[in-house]
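Listed below, chain by chain, are the residues.
There are 2 protein chains.
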Amino acid sequence: MSTATPHDIPTYMAALGAQARAAATVMARASTRAKNAALLALARRLREAGEPLQAANAKDIAAAELAGLAAPMVDRLRLTLKVVATVAEGCEQLAAMPDPIGEITGVKRRPTGISVGQMRVPLGVFGMIYESRPNVTIEAASLAIKSGNACILRGGSEAIHSNLALWQLVQAALVEAGLPAEAVQLVETTDRAAVGRLIAMPEYVDVIIPRGGKGLIERISAEARVPVIKHLDGNCHTYIDAEVDIEQALIVTDNAKTQKYSPCNATESLLVHARSAAAFLPKIGAIFAAKGVEMRCCPAAKSMLSDVPGAQLADATESDWFEEYLAPIISVKVVSGLDEAIAHINRYGSHHTDAILTTNHPNAMRFLREVDSSSVMVNASTRFADGFEYGLGAEIGISTDKFHARGPVGLEGLTSMKWVVLGQGEVRS
Amino acid sequence: MSTATPHDIPTYMAALGAQARAAATVMARASTRAKNAALLALARRLREAGEPLQAANAKDIAAAELAGLAAPMVDRLRLTLKVVATVAEGCEQLAAMPDPIGEITGVKRRPTGISVGQMRVPLGVFGMIYESRPNVTIEAASLAIKSGNACILRGGSEAIHSNLALWQLVQAALVEAGLPAEAVQLVETTDRAAVGRLIAMPEYVDVIIPRGGKGLIERISAEARVPVIKHLDGNCHTYIDAEVDIEQALIVTDNAKTQKYSPCNATESLLVHARSAAAFLPKIGAIFAAKGVEMRCCPAAKSMLSDVPGAQLADATESDWFEEYLAPIISVKVVSGLDEAIAHINRYGSHHTDAILTTNHPNAMRFLREVDSSSVMVNASTRFADGFEYGLGAEIGISTDKFHARGPVGLEGLTSMKWVVLGQGEVRS
Numbered sequence: 088m089s090t091a092t093p094h095d096i097p098t099y100m101a102a103l104g105a106q107a108r109a110a111a112t113v114m115a116r117a118s119t120r121a122k123n124a125a126l127l128a129l130a131r132r133l134r135e136a137g138e139p140l141q142a143a144n145a146k147d148i149a150a151a152e153l154a155g156l157a158a159p160m161v162d163r164l165r166l167t168l169k170v171v172a173t174v175a176e177g178c179e180q181l182a183a184m185p186d187p188i189g190e191i192t193g194v195k196r197r198p199t200g201i202s203v204g205q206m207r208v209p210l211g212v213f214g215m216i217y218e219s220r221p222n223v224t225i226e227a228a229s230l231a232i233k234s235g236n237a238c239i240l241r242g243g244s245e246a247i248h249s250n251l252a253l254w255q256l257v258q259a260a261l262v263e264a265g266l267p268a269e270a271v272q273l274v275e276t277t278d279r280a281a282v283g284r285l286i287a288m289p290e291y292v293d294v295i296i297p298r299g300g301k302g303l304i305e306r307i308s309a310e311a312r313v314p315v316i317k318h319l320d321g322n323c324h325t326y327i328d329a330e331v332d333i334e335q336a337l338i339v340t341d342n343a344k345t346q347k348y349s350p351c352n353a354t355e356s357l358l359v360h361a362r363s364a365a366a367f368l369p370k371i372g373a374i375f376a377a378k379g380v381e382m383r384c385c386p387a388a389k390s391m392l393s394d395v396p397g398a399q400l401a402d403a404t405e406s407d408w409f410e411e412y413l414a415p416i417i418s419v420k421v422v423s424g425l426d427e428a429i430a431h432i433n434r435y436g437s438h439h440t441d442a443i444l445t446t447n448h449p450n451a452m453r454f455l456r457e458v459d460s461s462s463v464m465v466n467a468s469t470r471f472a473d474g475f476e477y478g479l480g481a482e483i484g485i486s487t488d489k490f491h492a493r494g495p496v497g498l499e500g501l502t503s504m505k506w507v508v509l510g511q512g513e514v515r516s
Numbered sequence: 088m089s090t091a092t093p094h095d096i097p098t099y100m101a102a103l104g105a106q107a108r109a110a111a112t113v114m115a116r117a118s119t120r121a122k123n124a125a126l127l128a129l130a131r132r133l134r135e136a137g138e139p140l141q142a143a144n145a146k147d148i149a150a151a152e153l154a155g156l157a158a159p160m161v162d163r164l165r166l167t168l169k170v171v172a173t174v175a176e177g178c179e180q181l182a183a184m185p186d187p188i189g190e191i192t193g194v195k196r197r198p199t200g201i202s203v204g205q206m207r208v209p210l211g212v213f214g215m216i217y218e219s220r221p222n223v224t225i226e227a228a229s230l231a232i233k234s235g236n237a238c239i240l241r242g243g244s245e246a247i248h249s250n251l252a253l254w255q256l257v258q259a260a261l262v263e264a265g266l267p268a269e270a271v272q273l274v275e276t277t278d279r280a281a282v283g284r285l286i287a288m289p290e291y292v293d294v295i296i297p298r299g300g301k302g303l304i305e306r307i308s309a310e311a312r313v314p315v316i317k318h319l320d321g322n323c324h325t326y327i328d329a330e331v332d333i334e335q336a337l338i339v340t341d342n343a344k345t346q347k348y349s350p351c352n353a354t355e356s357l358l359v360h361a362r363s364a365a366a367f368l369p370k371i372g373a374i375f376a377a378k379g380v381e382m383r384c385c386p387a388a389k390s391m392l393s394d395v396p397g398a399q400l401a402d403a404t405e406s407d408w409f410e411e412y413l414a415p416i417i418s419v420k421v422v423s424g425l426d427e428a429i430a431h432i433n434r435y436g437s438h439h440t441d442a443i444l445t446t447n448h449p450n451a452m453r454f455l456r457e458v459d460s461s462s463v464m465v466n467a468s469t470r471f472a473d474g475f476e477y478g479l480g481a482e483i484g485i486s487t488d489k490f491h492a493r494g495p496v497g498l499e500g501l502t503s504m505k506w507v508v509l510g511q512g513e514v515r516s
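If you read the protein sequences in the order shown, they are chains A and B.
So the number in this note's numbering is just where the residue sits in the first sequence, counting from 1, plus 87.
So the number in this note's numbering is just where the residue sits in the second sequence, counting from 1, plus 87.
If you are wondering where the hints come from, they were derived from the structure by calculation, not from laboratory data.
One or more of the hints may lead you astray.
[What the hints assert, rightly or not] Using 20 Å as the maximum straight-line C-alpha spacing, the simulated SDA-like pairs for lysine to any residue come out as follows: (1) A/Lys195 / B/Asp186; (2) B/Lys195 / A/Gly478; (3) B/Lys195 / A/Glu499; (4) A/Lys146 / A/Ala309.
None of the values given here were measured: they were computed from a predicted structure.
Sequences and hints are given; from them, build the entire structure.
As structure tokens, this is what we get:
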């Protein structure tokens, strides 16, 4: 099933690359039926995996505990029955989705007589580099299968036994459906040099998708010789306009900040129009105070919040406006109007997700158009910026770039459009 | 109007970059009316330019002749009244096209109540690096204006006086329409270090579009620190299937090869199914022989062509199958069937444009799906692979990559899609 454990990293990675490229050709022309059969077989094998999978996972858990990893890190490694059931269900959901590949759209007849349109095709081979959670192995494999791509997976060393066990299930499911086992390959060495090779083989790998900390992603982006679908930070804003439903704004702002503190789409900065500040700030301040959310304020905001019982207030510094806290902290600024709000977001934000809460239609439209972020929202919580919430069915990652894919990336981000010309013997004059 | 001639290249380029970034913000929210007014003003100013433009162009021509440039190279520099009229017309055609910016598509209501769609927005700032022909200055500037981007142009040193004169017209047209002059900037130095900076300022430039020889483009791609929309070689194939209208195939193949020899979409390699070879090869061979097209053949093709009077035949070597001749030379191979044809094209081709000539529908569909090229065609000349022929209205370049844009790239290649969420106070649970 798997290649021999590698000694010579460049040779080993080139072999993985060549096998992936060959498998990609087969996957690109695979039938929807075969791809869905592989996904359903994978779901079944995951549910039936039982003891061998649990034993492999236990090895990683034991090693992590021995190494003294923090409890939350150890928990992220756990392939509980619930986690396994969830990823199996994800495979079934993908099988139920329409096949994006082969669809021809936008066909137009040209004056010359030819018809010109575009066909959606796989990108080819993607490399995925991720940390800790072994369920990403199944998410990436299933997305590769459905999108007709091949992939090379490089998981974290702390999950290597779990990843190897999951990969065996993936390859068995591929073979069961008559598809090449090499469509999904796992890098079997934890040698870091393998990552260096994976991101520098344009002849074998078309795109790299890293998932992990900002440091990892910045390093990969700087060194990669192929395109990277990357997600850096999410310094998201919620802006309260002059004309606004205050009660609704309180509910949405509270959700955007406090529903969860760690996701990249949580609001980190609150901007409030001067005309709404007196009505809105003390009320949201009381909600934040009750939940222990520290507020780092501009002078105007601080003075309006000073009477809120139990409020943890601090003076915002310049660096606070750039900060992604991922914690119960929020920066708060009173602004003179929409222009200042938009300029502030475009200057200090990370172009991830920003929302305006307003009842003024022209302001809503200006905000949508002029805020240069991958998701722009009107009267909704920034927490909605997510592939599943957007109906993409599955999310391979989130892009903070503008090139190729932007924001939550689903199956389509793993495809490209080629031109199709249908003629009846036309020639160019 | 223009910045002082630069001495310190990094400082100068950073200043251009910062000005472009600021102008891009204004261009992104510019009205369709203002952008079209700038395009129409530019067309008018081009037509009225008269003597000063001709004098600037004459300087370049004189310098080129003095330097002993070959006559075709000197001709490409010439801003004849016809060339000027053509680029002016191009500006008017762009003004008449729909504005791609701001369009919201694919809006769907989600179970949570939010509506999710995508809005087309400009990429921001593009850098264009090109050689000799000064009309590219106007093409790039007009595409930047219509797509709401800013651009930094770096033309060839041999066209510097013409480019400076054209750029003055562009900036005057922008100002006349109330748009920032810095939306289009020209690098005023011919120092090569300026190119090195232009391609390595991700903070100011979002994408680089080179136009020129393969050497230039490979160098830029290797060194760029931002995405490059690049066009490398075009080794295009025409494949004659077993079931085919021979008369039509002769007309299309002749056009694909001989209508012009130098374009990237000219056919360079002819593949013929063994069952069609006897009927087709001697006839196309006679056409090629009459036009002086040398045929580099596999043994089977050579023997079938050996009786054609005046045919220039040679044995194809392995390197011939990879070759982009851009000349009256074609490689010819007899293949055993569609599988061999597809495998040959995917192995030796450059993934640019390939055509099947066939009356068999399943074969046509397999060719479209399985040939991994930016344009795939049925019963049409490969020479149709072109932004204007495809109805894009304008062509900023051709991409031989799969990422972002593939094949002929029009205005849409200079845009990206951001997510738009319209809510009524929804929160995430």
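Quick rundown of the hints versus the structure:
no.	hint	result
1	A/Lys195 / B/Asp186	holds (19 Å)
2	B/Lys195 / A/Gly478	holds (9 Å)
3	B/Lys195 / A/Glu499	holds (16 Å)
4	A/Lys146 / A/Ala309	violated (34 Å)
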